[in-house]
Amino acid sequence: MKLSKLYSNKPECFQDIIFESGLNVVLAEIRLPENKKKDTHNLGKTTLGHLLNFLLLAKKNPKFFLFKHLDLFREFIFFLELELLDGSYITIRRGVQNATKISFKKHEFAQQNFVDLAEDTWDHHDVPFERSLSILDALLDLRSLKPWTFRKGIGYQLRSQDDYRDVFQLRKFMGKHADWKPFLSHITGFNADQITSYYEKEKQIDDKKKQEQIIQNEFGGSLEDISKIEGIILLKQKELEKKQAFLDAFDFRSQDKEHTEQLVNMIDERIATLNAERYSLQKNQKKIKDSLKEEQILFHPDDAERLFKESGILFAGQIKKDFQQLIAFNRAITDERCAYLQEELGEIDDRLKEVNAELDTLGKQRSETLSFLNETNVFNKYKKFSNELITLKADLSSLERQRDSLRRLQELRTSLRRIKEKLEHLQSDIELDVEQQNADPTCLFSSIRLFFNEIIEEVIDRKALLNVALNREGHLEFKDEILDESGNATSADSGTTYKKLLCTAFDLAVLRAYLDKKFPHFVFHDGVFESLDDRKKENLLNVIRRYSDLGIQVIITLIDSDLPPKSDRNKEVFGEQEIILTLHDENEQGRLFKMASW
Amino acid sequence: MLRPTKHSHPDRTVINVSLLLLDYLKKYRIEEYGKLRRKIKEKTVGGDVLFLPALSFLYLLGLVEYRPKTDAVEYTGPDEAV
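Each protein sequence line maps, in turn, to chains A and B.
Using full-length UniProt numbering, the first residue of the first sequence is number 1, and each one after it goes up by one.
Using full-length UniProt numbering, the first residue of the second sequence is number 1, and each one after it goes up by one.
Keep in mind that a hint or two might mislead.
[Claimed, not checked] Computed cross-link-like contacts, DSSO-like style, restricted to lysine-lysine with a CA-CA straight-line distance of at most 27 angstroms: (1) A:Lys364 to A:Lys283; (2) A:Lys321 to B:Lys26; (3) A:Lys364 to A:Lys289; (4) A:Lys287 to B:Lys39; (5) A:Lys287 to B:Lys6; (6) B:Lys69 to A:Lys172; (7) B:Lys43 to A:Lys320; (8) B:Lys43 to A:Lys309; (9) B:Lys41 to A:Lys287; (10) A:Lys309 to B:Lys69; (11) A:Lys60 to B:Lys27.
[Stated by the list, open to error] Selected chain B positions facing chain A (in silico; Cβ < 10 angstroms): (12) Asn16; (13) Gly46; (14) Pro53; (15) Ser56.
What the hints contain is simulated information worked out from the structure, not anything from laboratory work.
Even for Gly, the Cβ is constructed at its ideal location relative to N, Cα and C.
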């Protein structure tokens with residue numbers, strides 16, 4: 001994937017930018033003497049990178065310049081044409097006002113202008129943001145990034161000034177390491193699955209520890225108490241059984257209430273029978289209702305015809321006719337069955353009404369009889385025992401809850417131990433993988449390492465080392481070091497001057513290693529020559545040119561005072577073809593957006 | 001297989017399942033294969049069995065494309081319904 005063209009619906013304010021497939025230079029000329037000493041020039045070099053990021057579907061951010069100055073940019077609609085790996089093109093349309101609705105058009109030829117393209121001619125028009133991401137990710141087909149989307153690595157392709165602080169950790173990756181280290185290890189050729197699951201396991205351990213703390217805070221006590229609690233439960237259970245037996249043995253007949261008890265029994269029995277009948281009736285009722293529902297036909301021949309017609313498919317009335325006949329046939333055979341089912345349903349409903357009415361009467365009778373029984377002394381005793389039984393049961397259930405919590409604590413600790421064990425295994429696997437990758441001279445990581453060193457050596461005549469190792473916590477650590485003449489690490493890489501160079505070298509080395517794979521093949525480096533001395537600028541430019549010739553699209557921005565020296569007095573540093581955009585500070589026409597600075 | 005017979009239930013045919021697929025994809029433009037299959041299964045009895053034939057049918061008509069990077073099905077027919 002490479003950039004092909006960037007344009008807008010307002011060419012008078014934002015001129016078309018056509019990207020070359022190799023080196024692309026955005027040159028800012030400081031023509032006014034009073035601006036020469038200024039650090040910032042506000043011409044739009046960096047803004048161009050941000051704009052590309054916006055069109056490559058960056059999330060809407062209110063601090064982003066287009067939305068911050070909505071009054072200026074409300075009417076703008078931008079278009080980015082991308083060259084795909086198969087040689088075809090795709091144009092992305094994203095407006096400022098409706099920035100979460102994006103349109104796409106695939107086409108065969110480059111340098112199109114789709115500003116006036118009718119809505120229905122776009123392949124996908126005004127698609128919501130999340131869907132747009134899926135569509136673009138599917139169309140770009142950058143399978144080397146799988147399982148991540150193309151957005152994950154876009155920061156390495158579009159390095160802004162803020163992203164030169166660290167070679168590996170971009171500004172947007174300031175959060176948890178688990179968010180970006182698996183991805184970085186994936187593109188540098190390590191086993192990312194292992195690293196992802198390592199972070200997952202660590203998170204599981206954290207969660208379990210939190211749960212453990214919660215249980216401990218809620219119930220107190222330690223695992224030693226579990227035996228004590230089991231003992232108390234046993235004693236209380238015995239007492240409960242004793243009391244229950246006493247209650248069960250309570251002889252109602254001896255209290256001369258025989259006829260009352262009989263009455264209760266009979267009523268209860270009848271209630272039970274009726275309940276059983278009601279259950280079976282309701283079950284049948286549901287079944288019949290379900291089968292009546294099942295016979296509905298949801299298919300509508302008219303809708304089918306319309307939808308296929310809309311999609312450009314015509315069946316010349318065939319579908320409609322066949323299905324209409326079929327529906328008629330289905331209706332005919334189900335109509336008869338429906339009638340039977342309806343009849344049965346009616347019978348069931350009637351019977352249910354009767355049963356419910358009888359149950360109501362019986363319920364009333366039972367409660368009357370029971371209230372009569374309750375009035376006797378015997379039942380006062382019964383009540384007292386029952387109350388004691390309830391207290392005992394409550395005690396028991398509280399103790400059982402405590403015991404369950406302690407058991408859960410025990411289980412938690414067991415699973416914690418198990419996860420820790422797995423974590424250790426995983427760590428050994430990762431160590432093994434890192435060791436293998438480091439040792440294998442033909443693997444992807446070794447290629448990136450070699451290309452990286454080659455670039456640094458060519459530019460500043462020092463060797464540089466990309467280093468990946470496991471730290472004490474078992475996490476991958478990525479390091480970049482510049483070595484001195486004797487091959488030892490120096491602190492040169494910690495200075496900002498060389499940091500930018502190292503970032504550039506890393507991005508280029510990765511792109512070169514992925515040259516023949518389904519991977520983005522462009523990079524945007526903002527202010528790449530800043531603060532390098534002339535000789536080194538020249539060397540870096542040679543490297544960039546060589547990489548462009550290999551098939552990597554390199555877009556660089558610089559101001560004229562950062563230009564590398566001319567090798568030939570009569571020849572400009574960059575060819576006319578290479579400069580895709582010249583900005584200057586003379587007037588508004590020199591800015592990226594031809595308007596007053598905001 | 002496409003033309004119904006008197007033994008087929010109108011809802012359980014390739015045409016109907018294709019229709020459900022088409023309706024869904026026209027609205028959402030792209031959907032993961034697994035999710036799409038689940039949706040169809042929920043919507044009609046036997047939808048999981050008819051899913052692949054219906055998808056193939058729509059592909060033959062030039063209305064959908066499969067995208068391997070995201071394991072998704074994209075609607076590629078005319079766009080006027082959006």
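Status of the Pro53 of chain B interface restraint (C-beta, 10 angstroms, chain A): 16 angstroms, violated
Given pair status - Lys26 of chain B, Lys321 of chain A, alpha carbons within 27 angstroms: Measuring from Cα to Cα gives roughly 25 angstroms; hence the hint holds.
Pair hint Lys364 of chain A and Lys289 of chain A, alpha-carbon separation not exceeding 27 angstroms: Violated. Lys364 of chain A to Lys289 of chain A sits at ~32 angstroms, over the 27 angstroms cutoff.
Straight-line alpha-carbon gap Lys309 of chain A to Lys69 of chain B, limit 27 angstroms: Between Lys309 of chain A and Lys69 of chain B the Cα gap is close to 30 angstroms, so the pair fails against 27 angstroms, i.e. violated.
Restraint check for Lys43 of chain B with Lys309 of chain A, where alpha carbons must lie at most 27 angstroms apart: Holds. Lys43 of chain B to Lys309 of chain A sits at ~22 angstroms (cutoff 27 angstroms).
Pair hint outcome, Lys60 of chain A versus Lys27 of chain B [Cα-Cα no greater than 27 angstroms]: Since the Cα atoms of Lys60 of chain A and Lys27 of chain B sit roughly 23 angstroms apart, the hinted pair holds (cutoff 27 angstroms).
27 angstroms Cα cutoff - pair Lys43 of chain B, Lys320 of chain A: Between Lys43 of chain B and Lys320 of chain A the Cα gap is close to 21 angstroms, so the pair holds against 27 angstroms.
Hint validity - Ser56 of chain B Cβ closer than 10 angstroms to any chain A Cβ: Given a least distance of 14 angstroms, the restraint on Ser56 of chain B is violated.
Straight-line alpha-carbon gap Lys69 of chain B to Lys172 of chain A, limit 27 angstroms: 24 angstroms, holds
Satisfaction of hint between Lys6 of chain B and Lys287 of chain A, Cα-Cα up to 27 angstroms: Given that 27 angstroms is the threshold and the Cα spacing comes to 26 angstroms, the pair holds.
27 angstroms Cα cutoff - pair Lys364 of chain A, Lys283 of chain A: Status holds; Cα separation ~26 angstroms.
Agreement of hint Asn16 of chain B with chain A interface, Cβ distance less than 10 angstroms: 5 angstroms, holds
The structure is inconsistent with the numbered hints 3, 10, 13, 14, 15, although it conforms to all the rest.
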